[in-house]
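Here the sequence shown is numbered in our numbering, starting from 1 and rising by one per residue.
No wet-lab data here; the hints were simulated from the structure. Any given hint might turn out to be false.
[What the hints assert, rightly or not] Computed cross-link-like contacts, BS3-like style, restricted to lysine-lysine with a CA-CA straight-line distance of at most 27 Å:
1. 627 to 29
2. 676 to 452
3. 423 to 627
4. 362 to 352
5. 428 to 627
6. 676 to 653
7. 729 to 764
8. 328 to 362
9. 764 to 820
10. 38 to 479
11. 238 to 256
12. 428 to 452
13. 836 to 457
14. 732 to 654
15. 453 to 428
[As the list claims (entries may be wrong)] Cβ pair distances, simulated, as ranges:
16. 742 to 543: 41 to 47 Å
17. 543 to 108: 43 to 49 Å
18. 223 to 833: 57 to 63 Å
19. 567 to 143: 53 to 59 Å
All of these numbers come straight from a predicted model, not from anything done at the bench. Cβ atoms here follow ideal geometry from the backbone N, Cα and C, with glycine treated the same way.
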Amino acid sequence: MSYNLQSLITILQQILNPHERELILYYEKREIESLLEKAAALKQIHENSSIPKVESLETQIRDAAYKAEDIIESHMFNLMLHYKGFRFIYHTPDLLEVTQELDSAMKRVVELMEEKKISSGSSSSGAAFFPDPTYKNVVVGIDEDLLQLKDRLTGMQSQQLEIVPIVGMGGIGKTTLARNLYNDPLIVSHFEFRAWTTLSQDYNVRGILLGLLRRPDEKLSNELIECQDNELKEILHKRLYCRRYMIVLDDIWSTKCWDDIKWCFPDNNNGSRIVLTTRESDVARCVGTGGSQHELQLLEESESWNLLHQTVFGEEDCPYALEEIGRKIALDCGGLPLAINVIGGVLSKAEKEKSVWEHVSKDVRAAIAESDNHELSNVLSLSYNHLPNNLKPCFLYMGAFPEDYEMKASRLIKMLVAEGLLKSNGGKSLEAEAEDSLSALVERNLLLVRDKKSNGKTLSYGMHDLLREVCIRKADEEKFLHVKNRSEVRLDKLRRVSVETSCRLKDVDAHASIARSFICLVWLDPSLLFCKLRLVRVLDVYEMEFPEFPREIYQLVNLRYLAVSCKSGGIPNGISRLWNLQTLIARVKRCEMPSEIWEMSELRHLELVGFVILIEEGYMIKFVREKLQTISYVRINPSLMRRGFLESIPNIKKLGVYFDALEFSSEVVDLTHLHKLQTLRCYSNLNVDGCRFLLSTLRFPSSLGKLNLGCCVLFGRFMTTLCALPNLKVLKIIRCVFDEDEEWEVAEGDVFGSLRLLQLDELKLVRWRADETNFPRLRRLVIGDCPALEEIPSGIGEIPTLQEITMFGSYSPSAVASAKQIQELQQSEFDNYDLKLQLYDD
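Assemble the whole structure, with the sequences as input and the hints as a guide.
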């Protein structure tokens with residue numbers, strides 16, 4: 001459980017950081033350094049060595065890391081409540097005891113490594129699985145998959161050896177599909193030689209080779225058993241040489257496994273094929289040849305019911321009284337064939353009574369868990385067990401969110417960073433590490449991408465309900481997270497708590513509470529809440545909507561992440577007491593923010609919904625905010641510019657600015673030095689005449705990839721300036737007016753060369769003149785609430801990259817007709833049937 005050690009290491013490194021303004025380490029620096037050294041060494045060995053899992057050792061490491069965190073952060077909490085910029089004087093027998101516990105764990109780890117060296121000389125003969133040609137498995141929904149794969153295997157478009165990967169999450173039916181392929185009469189007659197072996201996470205090459213060499217219904221000969229590994233490779237190579245063969249490698253987990261055996265398979269240039277099944281998309285991508293990997297999809301609703309029906313009743317009819325309930329049970333399996341087979345086994349043994357089926361339908365996942373068949377749980381758990389240590393906390397954290405919940409990627413990334421569970425490598429930011437970790441979970445088919453941004457990056461994630469059950473169970477076993485969905489919850493022994501349903505906080509000693517994350521998606525009594533969460537790092541109460549900002553939050557000085565929502569008022573003075581705060585997400589009503597926010601050195605993301613940040617006229621910006629990456633929104637005026645605001649945020653990536661035309665002059669707003677700026681949201685006040693000159697003062701950095709313009713006046717010269725931005729991929733124009741009033745004529749020679757998405761929203765635009773030369777790489781055109789727009793320029797339809805036109809809100813019949821005409825032209829003239837036209841009414 002090295003991720004627990006990483007959290008401790010993050011805290012210790014912060015204490016020892018000489019640039020940390022809030023902490024002055026004094027007196028017992030050696031104790032902190034010693035603890036850091038031991039934790040880092042143990043984590044490194046744990047990650048880089050293949051040590052047998054010993055539950056007692058894992059528990060010892062986890063509990064020691066937790067204890068050290070509690071001792072240190074409790075001390076910091078008590079000091080910070082009374083002092084600001086305190087001396088961190090620390091000497092305690094408790095901390096010494098933790099160091100000794102880590103010493104003891106290190107010794108045990110070394111012993112295990114020595115024991116493994118001694119036993120590594122022994123080898124296993126391994127075992128192979130041979131599909132029974134007479135085996136009848138209930139299969140539904142794979143007919144199209146079978147047709148496609150049989151064509152890839154037997155079609156002679158390529159004579160070269162091809163590796164065909166079948167990819168999907170555990171339990172989705174990869175082995176079933178491969179088995180049906182292996183036993184298909186066309187496949188049997190097409191290949192001279194077929195062999196199958198089932199691999200495992202802890203494979204050994206010898207077992208694989210012997211499995212492929214042993215024929216069905218035969219024992220391994222003594223001659224083969226006595227051969228060395230290199231001899232076995234040579235025998236297999238000779239057996240396959242000059243023959244058209246088909247090999248199935250079932251359940252392969254790593255490219256290393258393939259690298260160890262790939263030289264055994266000769267390319268006879270006769271159409272030989274190797275089929276492999278895997279949960280790991282990156283393995284399939286690295287190993288596969290001759291085309292894309294074959295991804296299995298979850299079953300549709302009708303397919304799920306057909307599979308359940310066949311599993312329970314075979315060819316018989318389902319009683320009418322059970323069909324509606326049965327369809328609901330099938331639907332609750334989330335399209336996962338193995339889950340349907342397991343629950344089908346439960347129902348086939350149960351009485352065919354409506355009351356029995358109704359009882360099962362109330363909690364299908366509980367019925368699966370309580371069944372005698374533990375195959376589903378074991379299959380899904382394998383995926384978690386195989387994860388590298390750095391990915392496990394990212395997976396477990398997803399259990400904090402309800403079923404079918406679309407988790408915003410940006411929010412999840414900020415939470416993971418605040419938790420201190422990630423380590424920065426090289427020049428990558430912690431946010432980039434979190435994004436990479438989540439992408440890795442998608443590659444392993446443990447997370448689903450629910451929605452994507454216009455730039456192709458992930459907007460939101462989700463998780464299959466049955467995987468979520470595994471996630472919650474593992475999180476509870478490892479004391480990582482408790483999901484509260486019953487009537488009461490105790491916080492005193494829980495590191496992270498997620499509350500999904502209304503409950504009461506009961507019997508919690510405020511001084512014993514150790515919760516580091518509290519995520520609440522329902523209303524709780526705040527008077528009971530904040531006093532019990534003194535060490536909390538992540539507090540997400542955005543859904544609760546307090547009457548006004550709760551000042552009690554300022555007691556939670558350990559906070560790294562805060563998401564809060566208020567019905568009225570702004571953020572009161574005192575916010576800088578949260579000296580650890582990295583992310584502030586707030587929805588409040590009043591348009592003000594204390595200037596002390598700029599004194600918070602750890603701030604990385606400042607996202608404020610419903611108001612604009614004001615910085616008092618007399619306040620001098622004192623520090624460069626190196627860590628700050630996100631601000632929305634700040635009111636820009638000449639005085640703020642002269643006080644060096646833009647120079648104080650050199651690493652900003654997302655910036656929202658509001659121009660007050662009454663205060664602004666012709667002074668240039670130069671953003672060119674913000675080399676990391678990717679997203680800019682620019683708003684002003686259309687009701688003021690001066691606003692038509694504001695955009696002429698802007699100077700953009702070449703890094704800008706996304707620009708939102710709101711309530712601005714747009715003119716030709718400014719639009720020409722945008723064309724010069726080499727990385728501008730997204731342009732959204734919202735509630736703006738064009739200098740030509742009701743017309744936007746893109747000037748000849750104006751080319752938005754990198755633009756992928758153009759959105760026109762809430763405009764009074766009547767005529768729009770442009771063609772394919774102005775937007776040569778446009779993929780998506782979005783038009784919303786533009787009722788006066790007469791038509792979409794016909795030339796837009798000739799853009800070869802165009803994939804989608806979306807119209808929503810109010811739009812004219814003539815504009816819709818022009819969009820349909822563009823789609824018809826693409827189909828008739830260019831055979832482009834991929835262009836989608838989506839229309840959404842008010």
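Hints, one by one, checked against the model:
1. 627 to 29: Roughly 26 Å between the alpha carbons, so the hint for residue 627 and residue 29 holds.
2. 676 to 452: Roughly 22 Å separates the two Cα atoms, so the pair holds.
3. 423 to 627: Holds, at about 16 Å.
4. 362 to 352: Status holds; Cα separation ~16 Å.
5. 428 to 627: holds, 13 Å
6. 676 to 653: holds, 5 Å
7. 729 to 764: Status holds; Cα separation ~24 Å.
8. 328 to 362: holds, 10 Å
9. 764 to 820: Measuring from Cα to Cα gives roughly 22 Å; hence the hint holds.
10. 38 to 479: holds, 23 Å
11. 238 to 256: With Cα atoms ~23 Å apart, residue 238 and residue 256 stay inside 27 Å; holds.
12. 428 to 452: Since the Cα atoms of residue 428 and residue 452 sit roughly 22 Å apart, the hinted pair holds (cutoff 27 Å).
13. 836 to 457: holds, 20 Å
14. 732 to 654: Answer holds: residue 732 to residue 654 is near 15 Å, not above 27 Å.
15. 453 to 428: Holds, at roughly 22 Å.
16. 742 to 543: 41 to 47 Å: holds, 42 Å
17. 543 to 108: 43 to 49 Å: holds, 44 Å
18. 223 to 833: 57 to 63 Å: Given a distance of about 59 Å, which is inside 57 to 63 Å, the answer is holds.
19. 567 to 143: 53 to 59 Å: holds, 55 Å
In this structure, every one of the numbered hints holds.
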